[in-house]
Each structure stands twice: as structure tokens, then as C-alpha cells.
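Join the two chains into one complex using the hints; note that each chain is given alone, in its own frame.
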Amino acid sequence: MREMIVNELTQATQELIREFARFLPRLFVMLIVVLVGWLIAYVLKWILRSILRLVKFDKLSEGAGATQLLNKAALPSSTELVSRFAFWIAWLGFVLLGISALGILGLQEYVTRFFVFLPRLVVALFFLFFGLLAASFFSRAALLWAVNTDMPSPRLLSSSVRILISIFTASAVFEELGLADSTMLLAFAIVMGAVMLGLAIAFGLGGQYLAKRFLEGRFGPEKKEAKEREDELSPL
Amino acid sequence: MPTYNNAATIGQVVQTIRAGLLKYFPRERAVIINPDGGSRDQTQELVRGASINDLQHSSDLQALRTLHCISTEYPGGPATGTALRTILAAADLLRASACGVVSAESTTVEPEWIERLLRPVYQGTFDFVTPLYRRHKFDGLLMRNLVYPMTRAFYGKRVKEPYASEFAFSGQLGTHFLGQEIWMHEAGRTGTEMSLTISAITGGFRLAQAFLGVKPHVDARSADLVGAMRQTVGTLFWSLEPNFPLWSANSSSQPVPTLGAGQEVTLEPLRVNRRRLYTMFRSGVAELEPVLKSILFPTTLSELQRIATLSEDEFCYGDELWARTVYEFAASYHQSVISRDHIVQALAPLYRGRAFTFLVENREASSEEVEQNIENLCLTCERLKPSLVEVWDGRK
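Just so you know, the protein sequences line up as chains A and B, in that order.
1 is the number of the first residue of the first sequence in the numbering used here; add one for each residue after it.
237 is the number of the first residue of the second sequence in the numbering used here; add one for each residue after it.
The shape of chain B in the complex, shown without the other chains (with noise of 0.2 Å):
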């Protein structure tokens, strides 16, 4: 359980999962790890004064082992994949069978959420489990427009929550993690959640993906567009590199198996301002001109410029035009033709420009359309996949 002035939700959260922990594996030697960035809000002394005593969730739970609680604080300032790190490092000196994070920013996590989680790990029959959440249709959009899409189009597994905040692995899994190269680099420090799960795809562990319920409407790590699409976007395209024979040489996708799914989308009404994305779009193709050009090929960038010169009603950034635009920033993010961070924040305006035809394609939509236009989404990136094969060390 990472932490970093998480003082507002942290006690609920330790509390469901200490719940978790003895209604569900009361007989097992467990611990709770929370490695903090420095929070200056008691948060950790919050962890530690957790006790048994006050869980909410259930009168009867009765503690058959001691159950541990360790908040130790990690050097370097707040940073999730150093948090993460020192949870593999514990992980790894106990010799845990199973091991399971959770948000600290989870005010809607249940003790459920641990079972469904931890049990298929520590059964031995999984090795990740990712989570499945209930959202709004319109919630996590560069998650359904862009990461899962990508990563399943690239690694061949779909994986529908690539960027989780609560997973499990098992033992052996962790360990392959400490020795990834990925500490080395910016990823081990930011979007360390995604290259676990690169990770773990590519080193050919055995996935599931576990339905959890609602997930929180405001994700913090989220708050901020282009940090969320440097410590998604950027991280997978980071991975590209290393991973080239392996994503090159995938043509199709297998699904992942889902362990106790629910109904995934939700329709109640929500406030969406659709124009601030659209003049977003706009004012960042006009304005980036001289980046855009750098980066896509004409045809696409006139494309791109031509789409924005329609009105509201007409405009339609389709499914191709947008896997070739991702396609065709991964490549340039490749042979680095500026530099790499200014690669992912200029594709920002452009993923502003998607958003707003999602929003529109699916205001009307049931649940199930709205699966099939993700779906209709995946596979056009799946087919287009070829295109950025080609051009991957061949231009510019």
C-alpha cells in the first residue's frame, strides 16, 4: 500500500484490507507493507495506530495469526515505482506466495477486493491479476482510447486495465520484476504499474483479470492529462524498444481470463464539457504545426488539419486516423526526432481530439455499444499494427 499524504483516506483503506486479510485468509501468516514518500500528514502514524479494534466491516472477524503492519519511509521523495520496488523487495526477503497492492486513494475499495485479487495468486493458479472496474462509460477515456487499445494491439494480450492501481502477483512473479532493467530507467520511478504489467505479459506469466467493483471517479494520478499520459503512454512507448521482437512479430490478440465479471459500464448522466476539448484540438494543431511536422508524416498531419477546420456537428476523428497518429508518434518517440517528452505531451492535444468523438459517437450508446466501439477501436489498431513495423527505423 503506497502512500504519500494520503491521511484523508488512508484509514478506511488499511482497515478494509486488514479485514480482507483475516475474513478471507485467517489462517495464513500475512503482512501489510506500507512504504511512504514522505507524507507529512500522519499518514503513517495512521497506519500504524490501525487496529483491529476498530474495523467497521465485521463484528465477528477474529485474528488467528498476527497480522503485521509495517509503514517504513523510502528515501528519494514520493515516486510510486520506488514504493513499489521496496513492496517487491519485502515481498522477495519474506518469500511471499502472493502479494497484493492497493491505492491508498481506493475510498471505494471492500474487503471483497482482496479475496478476488490475492486468492487466484496464492491458489497458485495465476501469476498478475489485474483488476476489472465498474466505470461510466465516459470515465477513463485515455485508458479505452488509447493504453488498453495499444497494449493489447502490441503485446497481444487483452489486458483490460494495463495502468492498475490494485494488482496481485505471485512470489515468483515478484522476483522476476526486482530483476527487470526498468529500475535503471525513468519507468521504475513513474508509470512502474505499466511496466509491471508489460512485464509480466512479456515474460509469459499466467494472467487474469478480477472484477472489483466501482472504481473511484477522480484517480489522482490521473488529475493532471499530461502527467497521466507520460506515466502511461510514455512508458509504453518506452517499452517498445526493448520488446521490438516480441510486439513485431504478434498479429493478433488472446483474451485474458476474467474471474467473477459484473456488469463494467455505467450510463448515469454526467456533466462532460465536450467543447473545451474540441477547441483544444484545434488551437494544438494550429499552434504545434512546426512539432506536428517534425513528427507525423504529411498525409496524416494534413489529415489532422483538415478535420480540424470542421464544426462541432461534423467533426470525426476516426478510428484509423488515430491509430495511425499513435503509430506514427511511437515511431518518432523511437528514432527520438525531438526530444521524447515533448513527443508525448504534443500528442496530448491530439488525444483532446479523439476524447470529443468518443463522447459524441457514444452519447446515445448502451453499454454494450460502447464495448463495441472499443472493441472496433482494438482491432483497427491490431490491423494497422504492420504500417508501424515498417516504419520503425525506416524514416526520418
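Excised from the complex, chain A in its bound form (with noise of 0.2 Å):
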């Protein structure tokens, strides 16, 4: 009796012995994968960041808008940002390289998935950042335009045109993402429908007079002829 529990034991323990053998040089891979990973994420990020500083990304990010941002919530400049970003994904790929090699079966599904996302979410971003440039921009263009021209609330029609293109933004991200697609749909509906609504409301009710002023300004002989008189003046 003693001797077969003896038996068992030693080849349960022959057995670990040789499990462990048969896993070791898997978990040298891995840790190998894990460490040559970190030396390409932490040249890539050198080099990204050269090449951000090379571009000037840091200036096409703050007429983006994105630097204030960035400035309010602590965080670093964005050729900074973007470069870690850079870095850590593409180490939490080798990561999950290495964890693949290890070859255990629940943990691959996982492997495979993060590798199916990962596009997806380098698109998201370039949206997001593409977006914001988009939205600082337009909401400037639009900000100028209504002070040049002499048209009220100047400051209302860019964040007006700020947040449009933002709700839009956000809306693409999420989409590309996967995340909560019909969710971010209705309110992307909702929000567009109340916001025609209420400038319906608004243009109809409040802005009458405006409107009609507007007309007038625009088609009426009378205002145009006054109008010209008083800027006769040539700035060449």
C-alpha cells in the first residue's frame, strides 16, 4: 500500500517534472517575445516621436484644438501621447504574442480577437483626431465669417458648428469601435432632430424680424442702395 502511494506520487511528480520541462522553453519564448517586444515598441516610439517633432505635430495638433485640451486634463503634449500609445500597443501585442506561444487554449480566442480589433481601433483614433482638427477648424472658419460679415451671436454659430461636427466625430468612433452602434445611432438621430427642431423653432419664432431684416438686407433696392453708399469707402 505504502509503496503505490509512493509510485503514484512519484510519477505524478516525474509527471509535473516533465510538464514543466515541456513547458519551460514555451515560457523562455514567451518571456524572449515579451522582452525583444518591448526593444521594437521603445525604438518605434523614438522613432515615431522624431518624426512628430520633424512634422510639427505638436502645432497642427494645438490648431486642432486638441493641445488645450490635453493641457486641461494634466496630460503630456500630443506628439508625447501619441508616441506612448504607440508604445504600448505595440508591446501589449507582443505581450499577447508571447502569451499565444505559451499555447494555452483559453487565452488564444483572446489573442486572436485583440489582433481583429486592433485596425479598427487605429481607425477610431485617426477619426477622433481628424474629427477634432475638423471641428477647430470649421468652428473658426464660421466664428471669423460671422465677424467679418457683421452677424449676431458670432461665438453661438461656431459652437454651434463645434458641436455638430464633435456629435458627428463621436458618433463615427463608436460606430468604427463596435460600441453600442445602435445606441450611439438614436442619439446621434435624436440629437440631430432636436437640434433642426429647435433652430426651426427658433428662426421661426424668434427670428422673424431677423429674417426678415435678412431678406430685406439681401433683396430689397432700397437697403442695398443704402447700404452701398455707406461703405463707398475703397480699403485699395
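Please note: incorrect hints may appear among the correct ones.
[What the hints assert, rightly or not] Covered stretches of chain A (in silico footprint by chain B; criterion: 3 or more residues with CB under 8 Å from a CB of chain B, positions within the stretch not fixed):
hint	stretch
1	131-142
2	149-158
[Said to hold, decoys possible] Derived lysine-lysine pairs resembling BS3-like cross-links, with alpha carbons at most 25 Å apart:
hint	chain 1	residue 1	chain 2	residue 2
3	A	K59	B	K393
4	B	K393	B	K529
5	A	K59	A	K45
6	B	K393	B	K621
7	B	K393	A	K56
8	A	K45	A	K56
Just so you know, these hints were derived from the structure itself, not from any lab.
Just so you know, these numbers come straight off a predicted model, no measurement behind them.
Even glycine gets a Cβ: it sits at the ideal position worked out from N, Cα and C.
Put into C-alpha cells, the structure is as follows:
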């Protein structure tokens, strides 16, 4: 009986050692992949940071209004943020690659999912950056246009343009990430509908005199002549 | 003679040019070239159809040589730069010794203008002749308050009309113009007249100004203030980058010879809506605060915000503050702190404030006093120019 127990224990121990011996090279492979991955990710971060500094990405980001947002959130500069993000994404990719080298069945599926999701994440970030850029550019363009044409409430117009483009960007980003597709679509439709209805009511009720003045100024011959007389100074 | 839908005025202008050529250059081979931007009002037909028999100016004009008139449509839609490039290319191909450009909107053009512009170049005395006009003291405010003083401060030549619709140049200078980089940029499409003047100055060519006479009161190029600022201020700011070594070394300005001087400033009563300029300045400073913050130094912005609170009677946008404002805009344009076009647009409301001050200061001024006030602004711009050199690459 005692011998049987000892034999069983010896067999189990030997089996464990054999399994561990079989697993050890895979663990080493994983560690090597993670370490090499860290090195590659670090080099990638350094190269990306140099390129972004060379193309003055911070200035572009400042123009897009992203720098102000980052400052408010006490985050580093956009160049630093993008290069750090690239580092972590690259390294995480290598870590998952190393984990898949271990051959653990349950984890394989998650690793595959991550690699499928990665391009979508990059595209979503691309949408987010250019959406912010467009929102900032067009809201400023609307503000300048409204000020130079003496339109009423230029900042309201500018903010409306920024909000509309931001909502559109957010819906595109969430759709790309596949997060709450239908919720976002519904929210987008509700917001757009509310804005349009609000504008229609505001213009119809509150802005009837403004609309009247605008149309008279635009098409009324008497007003037009008066304006021409007032503006007869030529800047050149 | 660049054109685009100028049927209303082109007949008179082309006849005057023909009369000028026949009267003052009867023995020289001459050709009128009309690049057209795709007119739909028969402008080109009117140019081609103009004949010697239509001349109203003098009945004893005799054509000793054939006077050719070529009208051609250039591709790409109306663009003054493309039209000027067509003229330059034609002048280069014909090896013209002198070439003049006349605006199709110049309803006050006289045959003598052709002589005054072309003669100094044809005689080989000068390479580039810009016009001097007789203007009302409140006409051309952007030219007098920004374009002339700043061009003078930057490039050291007192060219009073750097953005001229009439000018003349030698064949050698024409070839120099064609070899410039401007044709690859926006400055080669709009505001090209300004670029050509700057190019003639920086190229070290011999410059002169010829007094022509009354300038048409409303120049179609300047009907839209923002458009006028893009063509002049935008082009001027753009030119600063390639010419930095030259303008940063200039510390003073030299006069440019003036031919046939006449009275430049007229004083007849003119209806001006000053209040609109004042209110648009105030609303501009208030509404554009986030934009101005990224362009101006905090001290300059706070000073602008302070004067924006003053009443109409107390308001004064002085020479020094105005010069500082424009220099900071130029530096921000160079550094592209925001879109360059937005920077130029943001200057428009501030220019309105400056124009208001100019109108108030010169309300009762004589022509000499107006000239003196413009001279004072120019000297202030020259004095403060080192401040731009200091901030050119040093901030933001």
C-alpha cells in the first residue's frame, strides 16, 4: 500500500516535472518575445516621436484645439501621447503574441480578438483626431466669417458648428469601435432632430424679424443702395 | 490688359490704350494683349472689335505701324496671377523692351497714362514703374494704413502703391518675374501685383513712381475687405519668409523717384459711416478673443481690449499699437499658430478700428497733414521693426 502511494506520487511528480520541462521552453520563448517586443516598441516610440517632432505635430494639434484639451486634462503633449500610445499598443501586441506562444487554449481566442480589433482602434483614433481638427477649423472659420460679415451671435454659430462636427465624429468613432452601435445611432438621430427642430422653432418664432431684415437687406433695393452708399470707402 | 466680364468698361479702356500707343509711340512696334478669364459678357469680342475708327480722343492720330490686338482665354477660371503670367510670357516671347499693365476697370484712364508708365521703361531709365493716383484722403485706407507703411518698413523702398492695377516693367524684369517661385504658390494666382512689386524691390531693380491722375473711386478688387486683405496682407506676410535675410537687415527706407508729381490727396466731402467701423472693431475684439489669444502677446491683446471699452469720442488705436499688432500677426503667420488664412481674416476687425482712428484724426486735416500722419505711421513701423525680428522664431 505504502509502495503504491510512493509510486503514484513519484509518477505524478515526474509527470509534473516532464510537463514543466515541456512548458519551460515556451515560457522562455514568451519572455524573449516580451523582451524583444519591449525593445522594438521602444525603438518604434523613439522613431515616431522624432518624426512627429519633425513634422511639427504639436503645432497641428494646437491648431486643432487638441493641445488645449490635453492641457486641461494634465496630459503630456500630443507628440508624447501618440508616441507613448504607439509604444503600449506595440508592446501589448508582443505580450499577447508571447502569451499565445504558451499554447494555453483559452487565451488564444482573446489574443486573436485583440489583433482583429487593433486596426479598428487605430482607424477610430484617426477619425477622432481629424474630427477634432475639422471641428476646430470649421468653428473658427464660422466665427471669423460671422464677425467679418457683422452677423449676430458669432460665438453661438461657432459653437454650434463645433458641437455638430464633434457629435458626428463621436458617432463615427463609436461605430468604428463597434460599441453600442444602435444606441449611438439613436442618440445621434435624436440630437440632430432636436437641433434641427430647435433651429426651425427659433428661426420661425424668435428670428422672424431677423429673417425679415436679412431678406430686406439682401433683396430690398432701397436697403441695398443705402448700404452701398455707406460703404463707399475703398480699402485699396 | 487682364479682363473678366468687363464689357461695361473695356471698350473705353482699350480705345484709350490704342490712343496712347498711337499718340506717344507711333513708330514703335506695339501689341495689346488681353488675357481673359472666361468672360460671358462678350468682353473678348469688344476687345477684338475695337478699331482705330472708334477713337474718340483725337481725330489726327495716324497709325504708322500695324497695332496688333490679341485676346486669348487662359485656362483655370479668372485669376489675375494667371493673366499676368500670360502677359509676362507673351512679353518674353516677343522680347518686348517695355510692357505696361492697365486695369480693365480703370474708367479714368487717359492716353497720357500709357506714356507716363511706359516712357521711363522704354528709355531704359527705370525697370519698374508703379502709379501714383490722386485720391480722396479717406480712399485706400488699407493701402495707407497697412500695405504701404509695412512694405516700406520691410523692404526699405517708399513705393506708395505696391498693389497697383496699373504698372510698367522692362523686358529684363519681366524675364526675372517669370523665373520667380511665386507661380508655384497662391501668390501666383491672387495678389500677384503685390508679389511682383516685392520681387522688383528685392531683385534690386530700378524703381520709379509715375503720377497718373484720379483713381477710379471703387476698385472692384477691394469690394470685399477680407478678399482685399488676403490679396495684399496675405501676400505681404507670405513674402516675408523667403526674404527674411533681406528685410531683417534693412533698418531704414529710401525714397523712390517720382515722375510728374501732382496733388495726391483730395478733400471734397465724402459720406463715411464711421460708427460701423467702430462697432465692428469692438464686437471683433470681444468675439475673437480666443483667436486673438493665439496670435497676439497678452500685453497687446489687453491693450486692444482696453481701447475697445472706450467710447466713440475717446477711442484711439494709435500708430504704435497698430504697428505692434501687425508685426505680431506677421510673426504668428510665419509660425502658423493657426491656419494662415484665419490669421489674415482675424486682422480685418482690428483694421476697422485703425481705419476709424484714421478717419477721426484726419476729419479736419489738410492734404499736407494727412500726408504727415501717414509719414508718422511709416516711421513708427520702421522704428518698431526690430521687435518683429526678435519674435520671428522665438515664441509659440
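These are the hints, each one checked on the structure:
1. Counting residues of the stretch 131-142 of chain A whose CB lies closer than 8 Å to any CB of chain B gives 3, so the stated coverage by that chain holds, three being the minimum.
2. Figure legend: the stretch 149-158 of chain A, annotated as covered by chain B; annotation consistent (3 residues with Cβ-Cβ distances under 8 Å, at least 3 required).
3. About 35 Å separates the Cα atoms of A:K59 and B:K393, which puts this hinted pair outside 25 Å; it is violated.
4. For a cut-off of 25 Å, the pair hint linking B:K393 to B:K529 is broken: about 33 Å separates their Cα positions.
5. Restraint check: the Cα-Cα separation between A:K59 and A:K45 comes to about 19 Å, which is no more than 25 Å; the hinted pair holds.
6. Distance check on the hinted pair: B:K393 and B:K621 sit about 15 Å apart at the alpha-carbon level, within 25 Å; holds.
7. The suggested pairing of B:K393 with A:K56 is violated, with an alpha-carbon distance near 35 Å, which exceeds 25 Å.
8. A threshold of 25 Å between alpha carbons decides the hint, and for A:K45 with A:K56 the separation of about 16 Å falls inside it, so the pair holds.
Violation of the numbered hints given earlier is confined to hints 3, 4 and 7; the remaining hints are satisfied by the structure.
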